Amino acid sequence: MNKKFITLTKILLKSGLGTQGKRNKSGKTGILDRKLVLYLIIALALLPLVASIITMTVSIYDVLAQIGQHGVIISLSIIAISFMMFFFGIIYVMNVFYFSSDIERLLPLPLKPSQILAAKFLTVVFYEYLTEMIILFPILIAYGVKSGEGIAFYLISLVIFLLVPVIPLTMASIIVMIIMRFTNIGRHKDLFKVIGGIIGIAFGLGINIVIQNAVNKSLDPKALQDMLLSGGNSFVGIIGRMFPGAEFAANSLANSANINGLVNFIIFVAITVVGFLIFVYLGEMIYFKGVIGLSESGGSKSTGIEDLRKKSIRNSKLRSYLGKEVKLLIRTPIYFLNCVLTNFMWPVIFLIMPMAQFAGSNDMNLDMLRSIIANNEHAGVILSAAVAAAVFIAGANGITATCISREGQQLYINKYLPISYTDQLHAKVLSGIIFSTIGMVGLIATATVLLRIDTVIVILSLIAGFIAIFFTSLTGILIDLYNPKLNWDNEQKAVKQNMNVVINMLISMALGFLTVFGIVNLKTDLYTTFAILVLVFGILDVLLYRLLDYKGAEVFSRIE
Amino acid sequence: MIELSNVSKTFNGKVKAVDNVTMTVKDGEIFGFLGPNGAGKTTTIKIITGILNADSGRVKINGYDIKKDTIQAKFQFGFVPDDPNMFLRLKGIEYLNFMADIYDVPSDVRRQRIEILGERFEMTKALGDQIQSYSHGMRQKIVIMGALIHNPPVWILDEPMTGLDPKSSFTLKEMMREHADKGNTVFFSTHVLEVAEKICDRVAIINKGRILFCGNLEEMREHFKSNESLEKMFLELTQNE
Chain H
74 MNKKFITLTK ILLKSGLGTQ GKRNKSGKTG ILDRKLVLYL IIALALLPLV
124 ASIITMTVSI YDVLAQIGQH GVIISLSIIA ISFMMFFFGI IYVMNVFYFS
174 SDIERLLPLP LKPSQILAAK FLTVVFYEYL TEMIILFPIL IAYGVKSGEG
224 IAFYLISLVI FLLVPVIPLT MASIIVMIIM RFTNIGRHKD LFKVIGGIIG
274 IAFGLGINIV IQNAVNKSLD PKALQDMLLS GGNSFVGIIG RMFPGAEFAA
324 NSLANSANIN GLVNFIIFVA ITVVGFLIFV YLGEMIYFKG VIGLSESGGS
374 KSTGIEDLRK KSIRNSKLRS YLGKEVKLLI RTPIYFLNCV LTNFMWPVIF
424 LIMPMAQFAG SNDMNLDMLR SIIANNEHAG VILSAAVAAA VFIAGANGIT
474 ATCISREGQQ LYINKYLPIS YTDQLHAKVL SGIIFSTIGM VGLIATATVL
524 LRIDTVIVIL SLIAGFIAIF FTSLTGILID LYNPKLNWDN EQKAVKQNMN
574 VVINMLISMA LGFLTVFGIV NLKTDLYTTF AILVLVFGIL DVLLYRLLDY
624 KGAEVFSRIE
Chain B
7 MIELSNVSKT FNGKVKAVDN VTMTVKDGEI FGFLGPNGAG KTTTIKIITG
57 ILNADSGRVK INGYDIKKDT IQAKFQFGFV PDDPNMFLRL KGIEYLNFMA
107 DIYDVPSDVR RQRIEILGER FEMTKALGDQ IQSYSHGMRQ KIVIMGALIH
157 NPPVWILDEP MTGLDPKSSF TLKEMMREHA DKGNTVFFST HVLEVAEKIC
207 DRVAIINKGR ILFCGNLEEM REHFKSNESL EKMFLELTQN E
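Just so you know, the sequences run in chain order H and B. At position 305 of the first sequence (counting the first as 1) the number is 378 in my numbering, and the numbers step up by one without a gap. At position 135 of the second sequence (counting the first as 1) the number is 141 in my numbering, and the numbers step up by one without a gap.
A portion of the hints provided could be inaccurate.
[As the list claims (entries may be wrong)] So, partial list: chain H residues that the calculated Cβ filter (under 8 Å) puts toward chain B:
{"no.": "1", "residue": "382"}
{"no.": "2", "residue": "385"}
{"no.": "3", "residue": "401"}
{"no.": "4", "residue": "405"}
{"no.": "5", "residue": "483"}
{"no.": "6", "residue": "488"}
{"no.": "7", "residue": "493"}
[Unchecked claim] DSS-like, lysine-lysine: derived pairs with alpha carbons at most 27 Å apart:
{"no.": "8", "chain 1": "H", "residue 1": "77", "chain 2": "H", "residue 2": "87"}
{"no.": "9", "chain 1": "H", "residue 1": "390", "chain 2": "H", "residue 2": "400"}
{"no.": "10", "chain 1": "H", "residue 1": "390", "chain 2": "B", "residue 2": "74"}
{"no.": "11", "chain 1": "B", "residue 1": "22", "chain 2": "B", "residue 2": "74"}
{"no.": "12", "chain 1": "H", "residue 1": "624", "chain 2": "B", "residue 2": "74"}
{"no.": "13", "chain 1": "H", "residue 1": "384", "chain 2": "B", "residue 2": "131"}
{"no.": "14", "chain 1": "H", "residue 1": "624", "chain 2": "B", "residue 2": "66"}
{"no.": "15", "chain 1": "B", "residue 1": "214", "chain 2": "H", "residue 2": "488"}
{"no.": "16", "chain 1": "B", "residue 1": "131", "chain 2": "H", "residue 2": "383"}
Keep in mind the hints are simulated off the structure, nothing from the lab. Nothing here was measured: the structure is a model prediction, and the numbers come from that model. All C-beta atoms in this analysis are idealised placements derived from N, C-alpha and C, irrespective of residue type, glycine included.
Using the sequences provided together with the hints, build the complete structure.
Structure, rendered in C-alpha cells:
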C-alpha cells in the first residue's frame, strides 16, 4: 500500500491539488515560469502581514510576560490556526476529495479508498503548511527568540508545525465524508461553491474586525491582558476544547525545558496518529459510497408534461434575454460571488465595519456622526456621497464591464439569433442596472437606519443614484465592447482577471470623488445639489446611451 | 433556399478559409456539405448564419440577404452548431423557452412543439434539469430541439450526428427527410461520406476552401472515378471513420 500511496501523493501534489488538472496540459514550461513569478509576487505581498504578525507577537509577549502568562500566546495561536484549518478545511476537503476533476481518473485504478484518501489528505496538509508558514511560523520564532528558548523548543516546534493540521483536517474530513455519504448535497456542486465563497468572505471580514479591535486594544496593556486571560473561559476556551490535541501541543511547547513538556508532546503525537487512523478507517468504509456516481447526470426530478406546459409562456425578446443574463449571473458560482454578491457587501464594508471601529475608539462616536448628518448644511454633501456610492457600486460589480467577455467562446450564439445587437446590448446593460440598483437601495437603507438620515434626502438619493447608475453601467459595456476578453477556459478569467472591470472601477471611483468634491466646493443646498446631479448625470447618460445605440451594434457585429 | 455567390473569407490576411464559393441549396432537398477536417465547412456555415462576415460575396436565405435583411434572414433558419455546450446553467426547458421567445413562437405553439420534440428525442423527463447535467448526446439533442422550436423552413446543421446514439441519429435523419419532402431546405455538414450517401439528394465537396464538386450522388461516384484528386479525397473521407 505504501508505495502506491506515495506515488499518488507525488502526482497529486504535482498537478496542483488535483483541482486544476485540466489547465496544466498546455505549455508546461511557460506556465511554470509564470507560476514562479506569481508565487514570488504573492510572497512579497504577504511580507507586510508576516511583519505585522511578528510585531504583534512581540508586543503582546511584553505585556503578558509582566504577569508571567506569556504561554497564552502559544495556546491561543495553535487554537486559532486549528480553528482556521478546520473551518477552511471543510471547503478544501470537499473540493479535493469530492469535486476535483481527477476523481474520475482515479476511480478506475486498482486503488483502495484509503490510499486515495490518504494521498489527497496529505496534499491538503502540504498546502496547509503554506498557511502555517505565514501565520504560525513567525509567531513560534518570535516567541522562541523573545523567551530565549533552547533547542528542545525548536525541535518540538518543528514536529508540531508538521502535525498541527492533521487533527483539524481529520475532523473536517470526517464531517465532510459523512455529509457526502448520507445527503445529496454533492449533486449541488454550484450551490456548495457559492456557500463556500460566502463563508470565506464572511470569515475574511470577521477576521478583519477582530484584528482591528485587537490592534486598538494592544495600545492599552490592561485591556489586552483582560481580553487574553478571560479568553480561557470563554469562546477561545470552547474552541480550544474542540480540538483535543491543541492544548497538549501548547503545553509541550510552554514546558519544553522539562519532562512535563515531553509527556504532553507524546500525548499530542498519539492523539494525532489515532485521529488519522480513525479517519483512514472510516474513509475505507464510506468514501467510495459518497464519491461514486457524484458526476452522474441526476435524472432527479423527472418533469411532468403539466409542469413543462406551465413553464412555457411567451415573453418579449428583451425580457427573455434579460432573464437569461440574470439566470447565468446568479447560477454561475464565480459570477455570483464577484458580480452579484459584491452588491450586498457594501453596507457591511462602508457602514457596519467602520461603525464597529468607531465603537472601539473614544474620539468619534455614533451620536456625533448622526448629529453631523442631521445638520441641514450637510444635506447636499450627503446626497452627493450617496450618488457617488451608487456610481461606485455600479462600477465595482463589473456586470456590464464583463457582459461581452462573459460570453467567451459562446459569443457566436448571439450572432445567429434573430434578435438585434442593440436589443442584446440593452438587455445586458439592464442586467447590470438591476443588480446595481439593488445594491444601492441596500446601502442607502442601511445608512438610513444606522445614521438616521432624513427621509427627503433618502428619496432624492435614490432618484439621483438611480440616474447615476446608468452612467457607470454604460461606460462598463462600452469598455467591454471595444476590448472584450473572450479567450478563456475558466470563468474566473472572464471576471476576476479582466482589466475592463478595473478600468471601469477606476472611472467610477474618479467620478464618485469628483461628484463629492464638486458639491463640497459648490456648497449648494439639498435641492440645488439634486438638480445639478440629475442634470449632469442625465446628460451624460443620454450621451453614452446614444453612443451605445449608434456604435454599439456595429462594434458588436465586428467582434469575431 | 440558400444561395451563396462568390463568397470568400481570409483569416489573418493569409489563410484562405473560404475561396470564392458559389452554390445553391434548393427547396425540397437534403444537401450534404462534405469535406475533411479543416476544409472550410464550419467557416462557410458561420458565414451563412451571420456569425462571420465574408470578405466578399453574398449569402441569401429564402431571398433575404444575411448582411442586409439580417433579422429576417435569421428567422428563416434553425441552426445547430458543431459544439453543443451552450447555456449549460439553464435548464432544458428554460433554454427551449429562451429560443422560442427569441424566435417569436406563441405560447400554445411552443408547448405543442416542446411535447412533440421531447417525445421524439426522448428528452421530456430531462427538461427540468440543468443542461450541464446532460451527457454529450443529450446536449446535442437539446440544441437540435432549440433550433427546430420555431419550425424554420431552412435547417442548417453542423455535424449533427456527432455524439448521437443510433436511435436518435435515425430519428434526426427521418425528420430531415420529412422536412425536405415538405418542400423545405436541409443543409448539413459531415466528414463521413457514408452518412451523406445514405440521405443526401445532392452534395458539395469542399477542400481547402474551394468547392471541388457539387451535384447528386450518381454524378459524384462518376466524378470520383475520373478525377484523381477527388479519388484521394474520397479515400480520406471514407477512412475517416
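Hint check:
1. 382: holds, 5 Å
2. 385: Residue 385 of chain H check passes; min Cβ-Cβ to chain B is 5 Å, inside 8 Å.
3. 401: holds, 6 Å
4. 405: This hint holds: residue 405 of chain H lies near chain B, its Cβ roughly 6 Å from the closest one there, short of 8 Å.
5. 483: With a closest approach of 6 Å, the residue 483 of chain H hint holds.
6. 488: holds, 4 Å
7. 493: At about 6 Å, which falls below the 8 Å cut-off, the nearest Cβ of chain B leaves the hint on residue 493 of chain H intact, so it holds.
8. H:77 with H:87: holds, 15 Å
9. H:390 with H:400: With a Cα-Cα distance of about 15 Å, the restraint between residue 390 of chain H and residue 400 of chain H holds, given a limit of 27 Å.
10. H:390 with B:74: Status holds; Cα separation ~21 Å.
11. B:22 with B:74: holds, 24 Å
12. H:624 with B:74: holds, 17 Å
13. H:384 with B:131: Holds, at about 14 Å.
14. H:624 with B:66: holds, 26 Å
15. B:214 with H:488: Holds, because 25 Å separates the two Cα atoms, which is no more than 27 Å.
16. B:131 with H:383: Holds, at roughly 15 Å.
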